[in-house]
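Colleague: Here's the letter readout for the chains.
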Amino acid sequence: MASLASANLLTKLGKLEPLKNGLHGRAGRNDLQGFRKAGRRGGRLVVEAKVREIFMPALSSTMTEGKIVSWIKSEGDTLSKGESVVVVESDKADMDVETFYDGILAAIVVAEGEVAPVGAPIGILAETEAEIAEAKAKAAQASAGAGAPPPAPEPAAPAPPPPPQAATAAAPPPPVAAAPSGRIVATPYAKKLAKQHKVDLASVAGTGPAGRITAEDVERAAGLTPSVAPAAAVVVQAPPAAAPAVKSSVVGPTAAATSAAVVPGTTVPFTTMQSAVARNMVESLAVPTFRVGYTITTDALDALYKKIKSKGVTMTALLAKAAATALAQHPVVNASCKDGKSFTYNSSINIAVAVAIDGGLITPVLQDADKMDLYLMSQRWKELVDKARSKQLQPQEYNSGTFTLSNLGMFGVDRFDAILPPGQGAIMAVGASKPTVTATGDGFLGVKSKMQVNVTADHRIVYGADLADFLRTFAKIIENPEGLTL
Amino acid sequence: MQATHCASPSCSFPASKPSGRACNRASFNSAGASNLSFCGLRKEVLGLPARSVSLTVRKTAAARRCGAREVKASASDNGGPATAAPYDYDVIIIGAGVGGHGAALHAVEKGLKTAIIEGDVVGGTCVNRGCVPSKALLAVSGRMRELQSEHHLKAMGIQVAAAGYDRQSVADHANNLASKIRGNLTNSMKALGVDILTGVGTIVGSQKVKYGKIGFPDKIVTAKDVIIATGSIPFVPPGIEIDGKTVFTSDHALKLEWVPDWIAIVGSGYIGLEFSDVYTALGSEVTFVEALDQLMPGFDPEIGKLAQRVLINPRKIDYHIGVFAKKITPAKDGKPVTIELVDAKTKEPKDTLEVDAALIATGRAPFTKGLGLENINVATQRGFIPVDDRMQVIDANGDKVPHLYCIGDANGKMMLAHAASAQGISVIEQLSGRDNVLNHLSVPAACFTHPEISMVGLTEPQARKQGEEEGFEVSVAKTSFKANTKALAENEGEGLAKLIYRPDTGEILGVHILGLHAADLIHEASNAIAMGTKIQDLKFAVHAHPTLSEVLDELFKHAKVEEQIPQPLHAEPVAA
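Protein chains in written order, with the numbering used here: chain A, 1 to 486; chain B, 1 to 576.
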């Protein structure tokens with residue numbers, strides 16, 4: 001089954017317009033007077049028939065999602081150009097969002113208190129009453145973002161975060177040692193992290209002074225600290241807590257948006273991210289791909305990993321480095337074909353690695369992976385993952401990949417194949433490394449750890465022999481990995 | 001109490017002497033009348049032309065024995081016409097903080113023979129335990145924030161390895177800065193010939209002040225006018241036990257003897273906010289305890305809200321609002337600091353915090369003990385010395401006390417270093433025969449967080465209330481730092497400037513800024529308020545491009561002043 005819906009195509013950034021007229025911030029919710037006169041800019045709109053969508057605007061350059069504080073107008077209200085329609089809470093301030101057009105607020109798509117990614121439709125504006133019905137119909141599918149290209153600045157922007165109670169279910173209950181008094185003492189940052197990663201503090205054992213719960217405790221409970229992977233599984237990037245999310249993205253997009261309980265029999269509209277992923281996946285069908293697999297002995301790699309793990313080197317970095325080194329010798333596998341008529345040998349080798357994050361997945365990119373020192377790369381990887389989790393990746397940090405690495409080994413998956421993200425030449429699917437009985441060339445039987453890798457490539461530019469050759473090089477590097485540390 | 005005090009804190013950082021309660025008392029007695037707050041040092045450096053090099057001889061004389069009324073032989077040293085007069089000095093200032101210093105310098109300029117009495121160290125709270133050393137820590141905090149914000153740096157193409165700091169060196173930087181400024185202050189006064197009298201000053205009668213060090217007999221000096229400028233000390237609510245190590249005030253915090261992993265800051269006014277900036281930059285986690293229902297209660301609500309989004313929410317800070325810290329017990333025997341919180345309204349127990357340290361930043365209390373106010377029938381009000389608009393002291397009967405003035409934190413009008421200095425200058429103007437009333441609404445205030453917050457005049461709710469009462473309309477103009485080229489070049493587009501004004505007259509009622517260098521930007525507005533400059537005139541003032549000052553330019557241009565105002569002043573044709 002195909003996996004790895006690479007989200008890295010969702011690269012269109014929402015236009016970040018400086019708010020020339022200033023922030024239309026408000027002192028208090030009831031204080032509207034100051035703003036009626038003030039504003040000019042606000043809701044972005046899509047010019048499309050006479051039914052228009054009001055989008056979640058990018059109110060600041062760092063805003064990836066916004067919360068609807070309140071709708072100033074109700075459904076059915078007549079709006080005139082420049083009027084405030086809705087108050088949005090960005091990461092910085094509450095701001096009034098105004099309409100550029102006259103019309104009627106036909107439908108509210110995102111209700112008060114809910115969160116929507118930048119670029120997602122939050123309401124529908126009809127020009128005349130006659131169009132209200134049409135607008136309402138549109139509203140029904142609006143959250144799927146079908147109408148207009150949602151300029152999602154970050155593919156990871158999730159749907160409304162599920163309430164913490166619901167979420168605790170998703171967090172693996174770590175060893176529990178509730179505070180003896182029944183009172184929970186957690187530091188401010190620990191509390192923040194717990195909220196962010198939906199960890200129930202009551203289930204976290206505090207290791208700080210006087211048994212307080214520290215940020216590290218929460219990270220551990222959320223599986224954020226790179227744990228010592230059992231059996232030196234080839235995988236690093238997906239921590240246990242994120243595992244359910246990975247699975248759901250594999251199984252189907254519906255579950256990806258929220259880790260809240262799934263209600264059977266309901267139809268859930270796509271989130272912006274899901275629709276984008278869906279589009280990319282459909283788009284990928286236009287590329288003729290083929291797959292080549294290879295089984296590689298990992299004993300040497302495992303041994304090396306054991307040796308240098310203490311220096312902060314991660315398995316992901318090792319694999320990325322190995323892939324980059326192999327790609328350097330096989331530039332065609334690192335090429336990309338964008339127009340179907342020509343192809344480009346990419347000037348740098350940027351390894352994108354799929355990471356499951358809350359509500360989906362993202363592919364942070366290790367740039368110039370062939371040139372980067374392994375230790376620096378491990379560090380860089382850690383930063384990228386942290387950023388991905390806190391949704392702070394910059395576009396070039398997730399969309400500049402020239403080759404993708406995807407790994408499901410941590411689930412015990414021994415082999416799978418990945419869908420090639422449009423715009424790249426090849427993607428490698430890495431399975432778990434498993435002890436295998438092997439007959440060696442000299443007639444002995446032995447147990448070796450072996451892992452299967454499977455590369456999907458664009459056959460317009462990469463041919464079978466190219467890929468086979470690349471894989472042989474890759475396997476050699478993995479089997480004699482000392483060179484990676486140089 | 002805690003929060004009420006925060007609402008009018010002293011200079012953006014104060015702090016003061018005592019470290020423990022015992023010390024506290026000791027300092028009342030010994031160190032005496034002297035710790036003022038205040039920054040805003042004016043001309044404190046040497047450069048002023050020394051008129052007659054002053055007598056350091058005086059000090060030894062002071063320390064030596066002498067009964068009452070020793071005649072000052074050196075009377076002609078410092079200026080003035082007091083030579084043949086019945087007084088030793090034209091003016092004596094009790095307290096050599098920023099307020100006293102400002103008054104002294106202006107007094108000399110006006111030709112008055114001046115002495116300043118200091119029982120502790122020159123510079124007062126501001127220079128020694130307040131704004132000055134805190135600026136050193138905040139400078140470190142700003143740099144650390146910059147260097148830690150890899151994301152931010154990378155956007156500008158800069159790469160740095162992990163930033164770290166050495167605590168002792170940071171602490172030394174703060175201490176060195178304080179010493180340096182203290183030296184500058186002292187030298188500037190010496191150079192001008194101000195007599196610096198060492199000891200605790202006590203008013204013994206009209207125009208008569210006693211001073212002296214412990215263990216030495218007192219001396220009495222007389223002056224035509226006396227200015228009290230004794231400042232304030234940190235206010236510690238009852239129930240809080242200060243040990244100077246795990247539970248402390250800004251006085252100790254500024255020494256930065258350690259950086260706790262988790263510190264509770266009681267009070268979220270300027271002082272608390274600035275320390276939260278420092279501590280979080282150095283790696284601590286912070287919990288605010290605020291008695292009022294919102295953080296940063298003194299700020300314009302909109303600015304406060306933005307400040308919360310920028311300075312609190314993204315940092316490792318949480319908070320409890322609407323609660324009093326009823327009891328705080330220092331860490332002992334391996335137990336953490338415990339803070340018992342009760343609901344501010346119902347007094348019901350709410351929660352108990354266990355933290356590594358607690359900083360008490362609940363505002364400042366005037367320091368007037370030992371001043372001898374009883375000798376002249378002056379009763380303090382909540383500790384403050386009552387004064388009229390011209391800073392003249394009011395006695396218990398409500399009458400003005402002749403020849404006695406009080407400036408700075410001790411009168412509680414506006415607990416800011418530069419306000420004290422401005423009040424001092426205003427008093428000296430009066431003593432020199434020119435009536436002068438300081439417009440406190442023109443005195444700016446700043447909080448040196450990253451980014452900074454500054455303000456002058458009224459907040460929006462205050463302005464609206466006044467407008468309602470007095471029947472004028474109030475308008476608000478706003479602009480974002482995101483629209484400013486320089487701010488964007490610095491990659492610091494976060495910020496808001498807000499102008500509150502009368503659309504009918506073009507009068508500025510208040511300006512509030514949160515953003516890069518806000519503290520430096522406010523003066524265009526405060527000067528305009530002080531000079532009565534109207535927005536319609538300011539709109540024509542030219543600002544260099546691209547500068548942060550254009551934020552204010554933008555603000556003035558956004559303001560809509562009603563047309564009927566006749567275009568004043570600059571209407572004459574220029575050249576022909």
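It should be emphasised that the hints constitute simulated quantities derived from the structure, not laboratory data.
These figures come from a predicted structure and were not determined experimentally.
All residues carry an ideal CB built from backbone N, CA and C; glycine is no exception.
One thing to keep in mind: the hints can contain errors.
Subject to a maximum C-alpha distance of 25 Å in a straight line, what follows is the list of computed BS3-like cross-link-like pairs (lysine-lysine) [what the hints assert, rightly or not]:
1. B:K350 / A:K195
2. A:K371 / A:K476
3. A:K81 / B:K350
Computed list of chain B residues with no C-beta within reach of chain A, every gap over 12 Å [what the hints assert, rightly or not]:
4. K110
5. L147
6. A161
7. N175
8. V259
9. T287
10. R309
11. A344
12. G372
13. A396
14. G532
15. F540
16. S549
Colleague: Hint by hint, note whether the structure agrees.
Modeller: Now the hints, each set against the structure:
{"no.": "1", "hint": "B:K350 / A:K195", "verdict": "22 Å, holds"}
{"no.": "2", "hint": "A:K371 / A:K476", "verdict": "19 Å, holds"}
{"no.": "3", "hint": "A:K81 / B:K350", "verdict": "49 Å, violated"}
{"no.": "4", "hint": "K110", "verdict": "44 Å, holds"}
{"no.": "5", "hint": "L147", "verdict": "15 Å, holds"}
{"no.": "6", "hint": "A161", "verdict": "10 Å, violated"}
{"no.": "7", "hint": "N175", "verdict": "29 Å, holds"}
{"no.": "8", "hint": "V259", "verdict": "14 Å, holds"}
{"no.": "9", "hint": "T287", "verdict": "6 Å, violated"}
{"no.": "10", "hint": "R309", "verdict": "5 Å, violated"}
{"no.": "11", "hint": "A344", "verdict": "21 Å, holds"}
{"no.": "12", "hint": "G372", "verdict": "47 Å, holds"}
{"no.": "13", "hint": "A396", "verdict": "42 Å, holds"}
{"no.": "14", "hint": "G532", "verdict": "25 Å, holds"}
{"no.": "15", "hint": "F540", "verdict": "21 Å, holds"}
{"no.": "16", "hint": "S549", "verdict": "16 Å, holds"}
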